[in-house]
Every structure is written in structure tokens, then in C-alpha cells.
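**Student:** Listed here are the chains, written in short residue letters.
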Amino acid sequence: MSTTYQPGDVEPISGSYVHTEVEGVNHRIYFEENGPEDGIPLLCQHTAGNNCQEWRHLLTDEQITEEFRVIAHDLPYHGKSVPPTTQKWWTDDYTMTAEKFTETLVNLADALELEDPIYMGSSMGGNIALELADWYPERFRALIGLECGAHSPGFYIDWLDHPEVNTTEVNAYSCWGLMAPQSPEQTKRETMYLYEQGATGVFKGDLYYYSVDHDYRDKLDQVNADECPLYIANGEYDYLTTPEDGRQTAAGIGEGATAIELAEIGHFPMSEHPELFNAYIREILADITGDRDEELPDVLEPDDVGIELHQRGPAREKPAE
Amino acid sequence: MNDTELGTHEWWESYKETVNSDPEMKVRGHDKFSENFYVEIGDERVLLEMDGGEIKQLVPNPTMNNQWSFGVEGDREAWEEFVQETPPAFNHEIIASHYRTAVRNEDGHLQLTGNNKKIFQHLRAFQRTLDLMRVAHNDGGS
Numbered sequence: 052m053s054t055t056y057q058p059g060d061v062e063p064i065s066g067s068y069v070h071t072e073v074e075g076v077n078h079r080i081y082f083e084e085n086g087p088e089d090g091i092p093l094l095c096q097h098t099a100g101n102n103c104q105e106w107r108h109l110l111t112d113e114q115i116t117e118e119f120r121v122i123a124h125d126l127p128y129h130g131k132s133v134p135p136t137t138q139k140w141w142t143d144d145y146t147m148t149a150e151k152f153t154e155t156l157v158n159l160a161d162a163l164e165l166e167d168p169i170y171m172g173s174s175m176g177g178n179i180a181l182e183l184a185d186w187y188p189e190r191f192r193a194l195i196g197l198e199c200g201a202h203s204p205g206f207y208i209d210w211l212d213h214p215e216v217n218t219t220e221v222n223a224y225s226c227w228g229l230m231a232p233q234s235p236e237q238t239k240r241e242t243m244y245l246y247e248q249g250a251t252g253v254f255k256g257d258l259y260y261y262s263v264d265h266d267y268r269d270k271l272d273q274v275n276a277d278e279c280p281l282y283i284a285n286g287e288y289d290y291l292t293t294p295e296d297g298r299q300t301a302a303g304i305g306e307g308a309t310a311i312e313l314a315e316i317g318h319f320p321m322s323e324h325p326e327l328f329n330a331y332i333r334e335i336l337a338d339i340t341g342d343r344d345e346e347l348p349d350v351l352e353p354d355d356v357g358i359e360l361h362q363r364g365p366a367r368e369k370p371a372e
Numbered sequence: 030m031n032d033t034e035l036g037t038h039e040w041w042e043s044y045k046e047t048v049n050s051d052p053e054m055k056v057r058g059h060d061k062f063s064e065n066f067y068v069e070i071g072d073e074r075v076l077l078e079m080d081g082g083e084i085k086q087l088v089p090n091p092t093m094n095n096q097w098s099f100g101v102e103g104d105r106e107a108w109e110e111f112v113q114e115t116p117p118a119f120n121h122e123i124i125a126s127h128y129r130t131a132v133r134n135e136d137g138h139l140q141l142t143g144n145n146k147k148i149f150q151h152l153r154a155f156q157r158t159l160d161l162m163r164v165a166h167n168d169g170g171s
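Just so you know, the protein sequences line up as chains A and B, in that order. Those letters in the first sequence? Residues 52 to 372, per our numbering, in order. Those letters in the second sequence? Residues 30 to 171, per our numbering, in order.
The set of hints was computed from the structure by calculation and includes no laboratory data. Check before you lean on any hint, since a few could be wrong.
[Stated by the list, open to error] Calculated cross-link-like contacts (lysine to any residue; reagent style SDA-like; alpha-carbon spacing at most 20 Å): (1) B/K61 / A/W141; (2) B/K146 / A/K139; (3) B/K55 / A/W141; (4) B/K61 / A/H213; (5) B/K147 / A/W210; (6) B/K147 / A/R79; (7) B/K147 / B/E83; (8) A/K131 / A/E118; (9) B/K147 / A/K151; (10) B/K55 / A/K151; (11) A/K139 / A/E236.
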């Protein structure tokens with residue numbers, strides 16, 4: 052359960068920097084964490100062009116952080132992970148690839164000495180669960196791909212990095228419809244605010260991986276979910292990787308892969324509707340730790356996890372006659 | 030739910046009033062949105078002439094004498110879904126709906142036409158203008 056804080060309260064999240072190599076370059080990576088030192092590590096990956104603040108409500112969920120050491124990082128060039136000081140990075144377009152992404156995650160887990168961690172990521176962080184299960188199944192206890200699919204074409208868009216476009220706002224609001232309309236207005240707007248913090252070209256560069264480099268349509272048999280359990284959990288309102296895409300991906304992988312539809316939520320579940328997401332993810336985490344007796348259902352709905360959706364209040368009244 | 034049927038003269042007038050009094054259309058540069066665009070509901074096209082983030086004029090059945098930068102087209106059923114207070118997935122926002130049409134080749138969704146550069150230059154103001162169809166249709170909402 053998330054806590055409501057009062058003036059003077061200090062949240063239990065702590066932030067640090069760890070150094071790790073990616074493609075032979077030393078990177079200073081920022082991460083936040085909460086939970087017991089000996090808790091099960093839960094490494095959380097943000098979405099394309101965003102940063103670890105997307106996970107702030109999971110990081111303060113008392114129920115989850117009682118058992119899990121929740122860790123959320125900023126990828127290099129994102130959030131507080133500034134570009135490497137040894138490189139003339141301004142002479143290159145930033146581009147993310149599957150190889151670079153997986154190397155970053157595995158080296159980060161090594162640098163933090165995470166023992167048998169659970170990996171969880173959304174969107175590009177969800178898709179990369181397939182590469183992790185393909186190339187590094189031995190490194191993780193389980194993988195949770197939120198908004199994950201074998202292929203997610205069509206979002207590598209030139210206008211997201213164009214001098215005649217207000218990319219600060221466009222990089223955010225091109226994602227507005229990825230959220231469910233019934234998610235709370237405040238948390239949807241905060242998700243957009245986080246998107247507006249990205250550096251020039253980084254969102255588009257991440258989308259190179261998301262929409263171009265990542266294509267497992269003919270390689271699902273290489274995904275080793277039998278070695279490392281893989282959960283694919285896609286939101287009902289995610290139009291890029293739909294719940295049906297998730298089911299087809301899990302079916303193509305076979306043993307060890309489980310698809311769950313998350314009802315009444317979209318592509319940024321952890322930040323667009325934290326209360327509902329945290330309740331949903333507890334069910335999946337309980338399945339990983341063996342604390343859940345029943346099989347996970349095909350669809351998780353708010354009623355299943357004791358969440359009553361807030362009545363949507365009018366954002367404003369119509370003007371008086 | 031508003032008693033006025035989507036696309037009638039009364040509906041468009043109510044919608045115009047909603048857009049022109051919307052606080053978000055007056056901030057963050059949205060008050061620079063002066064690109065005309067059309068909305069086509071089934072075979073009925075209405076041109077929205079925009080000026081400074083407000084609808085200056087509604088022009089039914091625009092002709093070659095009018096000018097616009099872009100438009101949105103869809104069958105009436107798709108628009109009826111779009112304006113629901115809690116719309117169903119994929120017809121709940123313009124980029125979502127266009128993506129299912131243009132990238133996934135599905136029927137029953139909306140489609141953008143026209144100048145993509147101008148769409149992205151004014152994306153949020155344009156998107157908000159369309160979302161306000163839902164506000165107007167439901168006597169409030171977001």
C-alpha cells in the first residue's frame with residue numbers, strides 16, 4: 052500500500068551512483084532503492100526516454116518493500132545518469148540496441164552484486180525481457196515483461212527529434228493515448244511530466260530498439276522461459292503491445308511463459324495508475340515466490356485485487372450559459 | 030450524457046463553446062494553435078478554423094475555397110466510441126486510433142490525413158481539441 056506523506060516526512064527511498072561498463076565505456080548510473088538489504092532484488096527498468104521516477108510508487112509500497120529490495124535505475128543518458136565524461140557523445144545520435152541494453156542490465160546487476168534478482172521492465176523494458184531470457188536466462192530468478200511483445204513496429208518516428216517540433220511536449224503527448232482514460236488524471240499528467248524531462252534525441256534513440264531492432268516474431272523458440280520464468284503482462288489500453296500480442300508471444304515461447312492481461316490500465320501501469328498496478332504486481336510476485344496457491348488468471352481485474360476504480364470526476368464543468 | 034446527438038449543429042456549437050473556454054488551450058503555447066483541420070464523421074465533414082487555440086468558425090462541407098492542414102476521418106461508429114465518457118481501448122485517443130489503422134491495418138478506427146509535420150508541431154493542442162469532444166458530449170469529464 053502506498054503511503055500518503057505529510058510535510059516533514061522523509062520518504063524511505065535512497066539514491067546512489069554505481070559505475071559499470073557498457074561497450075567498454077565507464078558509465079555513472081543512478082539508481083534508487085528501498086527494501087531490506089537481504090530482500091529479493093527486484094530490478095525495475097523505466098520506459099523509453101523516461102527515468103526511474105516512474106517507479107516511485109512501487110519504491111514506497113510498504114507491502115512490496117517488506118519482502119523485496121526494489122531497485123530502479125536510470126539508463127545512461129536518462130534522468131540522473133549523465134553521459135560518459137570520456138566520450139564525445141554530442142557528435143553521435145544516441146541509439147539503443149538490444150545488445151547494448153542487455154549488457155547494461157546484466158552489468159548493472161553484477162555491479163550491484165544482485166543475487167538471483169527478478170527483472171521487471173515496461174515497454175522497451177518489457178520487450179527486452181525476451182532478449183534477457185534468450186541470452187542471459189541464468190542471471191535472473193524471473194523476468195516480468197510489462198507491455199511486452201515479439202514485435203512493436205511503427206513508433207520510430209522522425210518528428211520525435213526534429214528542430215521544428217516542440218519535442219519536449221511531443222515526446223510526452225505522443226504517449227498520452229497509451230494510458231487508460233480511467234487512470235487518475237494526476238498520475239497520468241505526472242507520467243507526461245516525466246517524459247518532458249528527457250534529453251534531445253534520447254526517446255527516439257530508444258525507440259530504435261523498441262520498433263526496429265527488437266523483432267522476435269521468428270525467434271520465440273530461442274526464448275528460454277523454461278530456464279527462467281517469464282511473465283508477460285500487458286494493459287488493456289496498450290495499443291502498441293496489446294494483451295492479445297502478449298498471449299501470442301507467450302504461446303510462441305511455450306513452457307515457462309505466462310501471459311496476463313491487466314484490465315483497465317495502459318502502457319505505463321506503474322506510473323499512470325500506481326495503486327492498481329501495485330495490487331496487480333503483488334499477484335505476479337506472489338506467483339514467482341510460490342506464495343500464490345492458484346494459477347494466475349488470464350485477466351487480472353480491479354475487483355480481483357480489491358481495488359475500486361475512482362469515479363472519474365469532471366476535470367471542469369461546462370461553462371455557464 | 031448530453032442529449033444532443035453527435036455531429037448536429039447544436040452539438041458542434043456546444044463543442045465550440047467547450048474548446049474556446051478550455052484552460053489548457055490557453056497555456057503552454059497551445060494559444061498559438063491556428064492550423065485549420067477537418068473532422069469527418071461518416072460522410073459528413075466539418076472544417077474547424079482555428080485561431081489562437083480557439084475555434085473561430087465551423088464550416089460544414091468545406092470546399093476548394095477553404096484551406097486546412099490536416100484532418101481526421103472515421104466511420105460514425107468509431108466516433109461514437111471516441112466520445113464515450115470512458116471510451117473503449119484503441120478508440121480512446123487520436124494517436125492510438127490512427128496507429129491501429131495505419132500500422133496494424135485494422136478497420137473501425139480513426140485515421141489522420143494531411144500534413145504530418147504540422148500535426149506534430151501542434152500535437153498536444155490538436156489532441157486536446159479532439160479530447161474536448163468527449164467533454165462536450167458528456168457535459169464535463171476530462
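**Student:** So, against the hints stated earlier in the document, which numbers end up violated here?
**Tutor:** Structure breaks hints 1, 2, 3, 6, 8, 9, 10 and 11.
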